[in-house]
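Number of protein chains: 4
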Amino acid sequence: MITNLLFRYHQIRLQSELICEPLEPEDYVVQPIVDVSPPKWHLGHTTWFFEQMLLVPFMPDYKLFHPEYNYVFNSYYETVGNRVLRTNRGNLSKPSVVDIYSYRKYVDKCMKDFIENINLSTELLNIIEIGLQHEQQHQELLYYDIKYILGNNPLFPKYREESNNKNLSSATPLGFLDVSEGIYKVGHNSDGFCFDNEKGHHSVFLHDYIIGDRLITNAEFLEFIQDGGYQDFRHWYSEAWEWVKTNDKKAPFHWHNMDGVWYNYTMHGLKKVNLDTPVAHVSQFEAAAFAKWKGMRLPTEFEWEVACGIHQPSIPVSANLSDMDTFEPIQPTEGNYQFYGDLWEWTSSAYTAYPYYEAPEGALGEYNGKFMTNQMVLKGGSYATPRNHIRPTYRNFFHPHLNWQFTGIRLAKHV
Amino acid sequence: MITNLLFRYHQIRLQSELICEPLEPEDYVVQPIVDVSPPKWHLGHTTWFFEQMLLVPFMPDYKLFHPEYNYVFNSYYETVGNRVLRTNRGNLSKPSVVDIYSYRKYVDKCMKDFIENINLSTELLNIIEIGLQHEQQHQELLYYDIKYILGNNPLFPKYREESNNKNLSSATPLGFLDVSEGIYKVGHNSDGFCFDNEKGHHSVFLHDYIIGDRLITNAEFLEFIQDGGYQDFRHWYSEAWEWVKTNDKKAPFHWHNMDGVWYNYTMHGLKKVNLDTPVAHVSQFEAAAFAKWKGMRLPTEFEWEVACGIHQPSIPVSANLSDMDTFEPIQPTEGNYQFYGDLWEWTSSAYTAYPYYEAPEGALGEYNGKFMTNQMVLKGGSYATPRNHIRPTYRNFFHPHLNWQFTGIRLAKHV
Amino acid sequence: MITNLLFRYHQIRLQSELICEPLEPEDYVVQPIVDVSPPKWHLGHTTWFFEQMLLVPFMPDYKLFHPEYNYVFNSYYETVGNRVLRTNRGNLSKPSVVDIYSYRKYVDKCMKDFIENINLSTELLNIIEIGLQHEQQHQELLYYDIKYILGNNPLFPKYREESNNKNLSSATPLGFLDVSEGIYKVGHNSDGFCFDNEKGHHSVFLHDYIIGDRLITNAEFLEFIQDGGYQDFRHWYSEAWEWVKTNDKKAPFHWHNMDGVWYNYTMHGLKKVNLDTPVAHVSQFEAAAFAKWKGMRLPTEFEWEVACGIHQPSIPVSANLSDMDTFEPIQPTEGNYQFYGDLWEWTSSAYTAYPYYEAPEGALGEYNGKFMTNQMVLKGGSYATPRNHIRPTYRNFFHPHLNWQFTGIRLAKHV
Amino acid sequence: MITNLLFRYHQIRLQSELICEPLEPEDYVVQPIVDVSPPKWHLGHTTWFFEQMLLVPFMPDYKLFHPEYNYVFNSYYETVGNRVLRTNRGNLSKPSVVDIYSYRKYVDKCMKDFIENINLSTELLNIIEIGLQHEQQHQELLYYDIKYILGNNPLFPKYREESNNKNLSSATPLGFLDVSEGIYKVGHNSDGFCFDNEKGHHSVFLHDYIIGDRLITNAEFLEFIQDGGYQDFRHWYSEAWEWVKTNDKKAPFHWHNMDGVWYNYTMHGLKKVNLDTPVAHVSQFEAAAFAKWKGMRLPTEFEWEVACGIHQPSIPVSANLSDMDTFEPIQPTEGNYQFYGDLWEWTSSAYTAYPYYEAPEGALGEYNGKFMTNQMVLKGGSYATPRNHIRPTYRNFFHPHLNWQFTGIRLAKHV
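Residue numbers (the working numbering), protein chains in the order written: chain D, 743 to 1157; chain R, 743 to 1157; chain H, 743 to 1157; chain F, 743 to 1157.
For the record, the hints were derived by calculation from the structure and aren't laboratory data.
Take these hints with a grain of salt, some might be off.
Just so you know, same-sequence chains aren't split out, so a pair can sit in one copy or run between any two.
Calculated pairs, DSBU-like style, for lysine-lysine (alpha carbon to alpha carbon, straight line, at most 30 Å) [unchecked claim]:
1. Lys-992 <-> Lys-836
2. Lys-836 <-> Lys-900
3. Lys-836 <-> Lys-991
4. Lys-987 <-> Lys-836
5. Lys-927 <-> Lys-987
6. Lys-1155 <-> Lys-941
7. Lys-941 <-> Lys-927
8. Lys-805 <-> Lys-1014
9. Lys-992 <-> Lys-847
10. Lys-851 <-> Lys-927
11. Lys-1155 <-> Lys-805
12. Lys-941 <-> Lys-851
13. Lys-927 <-> Lys-1034
14. Lys-1014 <-> Lys-987
15. Lys-1036 <-> Lys-987
16. Lys-1036 <-> Lys-854
17. Lys-847 <-> Lys-900
18. Lys-847 <-> Lys-836
19. Lys-851 <-> Lys-805
20. Lys-1014 <-> Lys-941
21. Lys-805 <-> Lys-854
22. Lys-927 <-> Lys-1155
23. Lys-1155 <-> Lys-1013
24. Lys-991 <-> Lys-1013
Just chain D, same shape as in the assembly (with noise of 0.2 Å):
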């Protein structure tokens, strides 16, 4: 048990190292927007868990690597103590990474001798599995914001080279599957691990709807540009319209038109879009308006819960996105997995909490409650996705102008 504890602990931390690895020093240290992290920065803060929520108070003796890390890797800045100096992450050069890989290294061979000597309680398991679920989270924040440093860059330089065994396939047609209206189970149902807001498993009723069986594909946003989707603000939130304007959008986020042809930045470097892939890249605002200019809208999150434990899609995962050779393949376990898994879907959901929601006691309960406000939840998982953190309840969320994760569209409609 503390064994596979053990293995478990040195997989997850060893894998958001092996993310890291083709980055050179410099690569870790910018934070070209607010919402993008140095990933310096995250291999810090993700360590910085480990050390405040388990050895701090509950090893003996321990002793901190560094009295001011706490300073600079904590995210909850509420609870910091009396010196506030006003930084960013961006700006700051030091930790170097070599320190952060040594702060790791420390707190790694303390969470073993933690693991191996302490008599681990319910509570204290609970906190290790939120914090390796946390540094999970965190891996695939990674890839977002790796992706969104080198994408920035002139010089567009690759992540990883590109394998050369691609099997690429078309995009099959759009159907649609049908749900009945009636009462619903939805949330977390389950002895696996979930997080706070995926609780309680609670009832919800639902009226007859579609839901598209696959992901829009690039071809089929393509039209939506060419038909002047955003130019014309019929499609358009009065917000999200503003956003258009006010940042100039004409296509998702990683697309760059050269001389009337449309590239994208992938983590193999500047590549012509392919058709046959769902689009990726597209705020809440895009998706939205793209299902308006189709005659359709968004599923909300119940919608595509009950849809995904229906339903077996038709097409492979992830088969041909150009990404996709950086990251492992979805293995798709049970055939109502395949419902999902190669880019977050946004909903129309906004993200508040379920019935019977009760944020935890101290620090972890800021983790999910406090930011139950103006986000929007995304469902499904991407092809970054840690594989443990793909199922049905899974609630993710960001503010529905963002799209430098790996987002894509699904379209639903009431019948």
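Based on these hints, arrange chains R, H and F on the given structure of chain D.
Only chains R, H and F this time, still in chain D's reference frame:
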């Protein structure tokens, strides 16, 4: 029938002008924040609606009052033609108040001709109805904006003198109503007028919950302030906390602490805060923080609507609000209507489309649907709300940080 | 003597009100940009000066017109007491225009008593004089601000009707006056009134230079526009170029291109640009860019002042400016005064202290000295300048990017 | 001759790299404020200058190191071609530090060939000289920026260890030098190199004045702080006062008050403020406010330059600055040079063109002239200034609110 319509048209149009009757010309002009519109703009914009939606398209040989007014009074900027001058409503001294009253008279005369002489199809009757409802919505906004304009002035001018014969009563102890889990019908389901966003009548599943039998009072909110509620991040959403710090919030809007005593600006000038009346001018951020501090939460819009259809509260409505004698008292015409009508009640529901929602064609389609992002639903209605807008299905909506409206707090909880 | 002073006081106070005579109440209120003040604020602030600088400290038993007006009309915010409400001039509908005229009448009556009954020391006479000069400065600002307020309105309302009997003449060919190198005396050196910043009379050494015998005309400035002057960074200071791009500048302020024809807003409404009149409403950035494009430069304030004392230009002043018949014509009382008076002329001199400059004690010390950073000197005076402010030593000053004032361009060069 | 040039080229190019020697790769990347550039950008930009100004136009068959570097390292954005990607220097992790050192090596090798094999005309020699002077200017900026980057870090890392054998001495009492009124010659007038903005040699008339014989010390500046200097608006320009309030300024940049004790960040880490050394890291706003509080003023650039040519101060230069042993000591080669060299000294002179100033043709013309607005002249040079840039006519310039440079205060006054 036409006589009735003409009479109603006349009554509603007159009401807008009566609201402005205490104003001097200067009060019609200013725009202290972007959310507030100058009173003269409201008077012009509601008139523009009748001109552009009815007279221009459907009245033969209609002659515009002024060719530029379409530009000046159009809040639907997207449909404006080729001439784009960037300006703000509060920077326009012309058209003068006198000109705008002339514009109103001109359009009113033409509308009289129109109603009397045109064969009114259902479609035309519907547009007239929306024009009247639209004007009534702006009547309430007029109150908000006038109160902002005067309350923002260092001289704290009164809108109107206070009457003397006030009937003050103490607040009743806060009780809670029980609602049992089950499928409930919500949304509009009668022959009466409703806005597109109240349709359609549909089913929702609710879990057991309790909901307050009255709004939170100033006395109760003062306890939150005195307990350091505005200084403790744990009660607030992350964005709400940013809002508190950035704006240095310490109390509801229109409140001023003078030498340790809390005053609030009312339509009758600056007054000591009345402990027994409902707390007003809170943002949804403040309402949610208060609820969290109380160990409860805000109701969803459906919980509110269902409770409203079942229960009758024990206290008379609006007995002793400071602003009240400026407005007509709310008449409890039916039992369940007594549930609300003091202040718009913040819910925890984001403002999104109901199942089967369809925006109307053309310019009217921009009325509600395009705002269905990043805003929260408010239910009930305030003492400034036109009487026929008070119905359980009405969905008001504002951004969660706004608090110049007449808003209040009702608590709820699952049990 | 006292009769003269009273008469002058009366004349100057009346003049401010005459300037506002064409306005409707709404025009007195708005503040479209931060640099513009509402006309009613000017009327109140100039009155406040007499109340606070003379009546309050020196008039026995003086009773304030209103206790809050010190706060409302004080532009010297630093000396304000303990009550700080953040607001902006353009957001205040009260005091009303009627109240402000009452305030003026009240203070004027008290000032009459004051002048007639108090033994006026030199110090008091000096403060009265500054109060009158101050009011005259605001008279010119009133013209700028009224023109901004009306010209910013999409209806382009006229300030006043244009007279018919205009005497238009062509611009003379641009000639240049020679000045030889040597030590020259500059600064104020007479018994007449001057502001602190014009003292002391001091020596400067100038090298040989030539200076234009008239201002640059609209025709000449149009050549700059048509030559792509606003599109070529080489003519502009680095900051000026940022200003051009950020504000998408393509022509002087108040100019509008309609279907390929240049119009400019004048006090008599929108007119085709008159090619023979001096170009007005240019920022110093535009003036300097034009000069660089011409292979010349702007004169220093000393070059301007010295040239002004030596030469008499060949053209009559202000013969045919569009705005002109709104104002009294400039009478050439002395030969060298003909050199200027059309428009304030930008110089290449930053506004800094003259040798031996000393700011007066107390609140009057804030009058000029505290603005001696980041602003540029303008010389001459415009057609809107009160006649007794037109003198060679007068130092007007504005930030180099501003162009809502009545400004023009004169060229110079070392030879 | 060529050997000398090659040697000098080598020495200067090496010096830039030596300055960066204590840095780790991460330190090369960040840009905490817009005025600071990442060290790697300085290294690339100075190299780009040689490539674009010499190798590309004058070296036959020169092959660019990388086609995109012209875009990445060009600070003269106006001449950039058709591809415009909006980004900021601090957001670019590529080119990596290693790549930039390769770029430097490549260009250095080509420049060696160029100098050895090309017939160097006066024009080419002049461009090489400007390239070297340009690199030396960036060497000083490197120190400013590195100090900002490290001093902004909550860990306060040291740039370099402090040596032990410090020779500390007390400050001498502040004395004043007298200069009599008359015509003086200023501006560059020798065979040595100078920048275009130092020309031409010209006459100015100065009135009698006194000028401090040394810079203001930390002890003297602390008196200003303790006397409430940062809280009293009367010492400050109006814009300076806004700056104080907006930025909550309470002390010079790099100062930190910890439990009532003032520390400042030095190149050797955080240290208690040394009372005897010149106060550094003040903006011109702070320098002018201090002078006003003292009843004096800052000298003009001409007063400074004339005094520098006449007097020899009594104290040794740079005896005990905390940062000093990071830099080579200033050698007093001529008597009057001892007047300065500790810190750049703010003057009261705006940075404008000297008489007969002509910007060079082409890209070099953008070097100085385009900045001649809204900036102030600094004279002297700091301990970080390359030795051959220390001359009385050198005109440094910065905006008056900036204080991350090595700046100090010298007082003056007319008598």
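Consistency of the hints with the structure:
no.	hint	verdict
1	Lys-992 <-> Lys-836	between (38 Å within a copy, 26 Å between copies)
2	Lys-836 <-> Lys-900	both (26 Å within a copy, 11 Å between copies)
3	Lys-836 <-> Lys-991	between (35 Å within a copy, 26 Å between copies)
4	Lys-987 <-> Lys-836	between (38 Å within a copy, 28 Å between copies)
5	Lys-927 <-> Lys-987	neither (41 Å within a copy, 40 Å between copies)
6	Lys-1155 <-> Lys-941	both (27 Å within a copy, 16 Å between copies)
7	Lys-941 <-> Lys-927	both (12 Å within a copy, 25 Å between copies)
8	Lys-805 <-> Lys-1014	between (52 Å within a copy, 28 Å between copies)
9	Lys-992 <-> Lys-847	neither (45 Å within a copy, 41 Å between copies)
10	Lys-851 <-> Lys-927	neither (43 Å within a copy, 58 Å between copies)
11	Lys-1155 <-> Lys-805	neither (57 Å within a copy, 44 Å between copies)
12	Lys-941 <-> Lys-851	neither (34 Å within a copy, 60 Å between copies)
13	Lys-927 <-> Lys-1034	both (28 Å within a copy, 27 Å between copies)
14	Lys-1014 <-> Lys-987	within (26 Å within a copy, 32 Å between copies)
15	Lys-1036 <-> Lys-987	within (21 Å within a copy, 38 Å between copies)
16	Lys-1036 <-> Lys-854	neither (54 Å within a copy, 41 Å between copies)
17	Lys-847 <-> Lys-900	both (28 Å within a copy, 24 Å between copies)
18	Lys-847 <-> Lys-836	both (17 Å within a copy, 28 Å between copies)
19	Lys-851 <-> Lys-805	within (12 Å within a copy, 51 Å between copies)
20	Lys-1014 <-> Lys-941	neither (42 Å within a copy, 45 Å between copies)
21	Lys-805 <-> Lys-854	within (15 Å within a copy, 55 Å between copies)
22	Lys-927 <-> Lys-1155	both (20 Å within a copy, 20 Å between copies)
23	Lys-1155 <-> Lys-1013	neither (34 Å within a copy, 52 Å between copies)
24	Lys-991 <-> Lys-1013	within (20 Å within a copy, 38 Å between copies)
The earlier numbered hints that this structure contradicts are 5, 9, 10, 11, 12, 16, 20 and 23.
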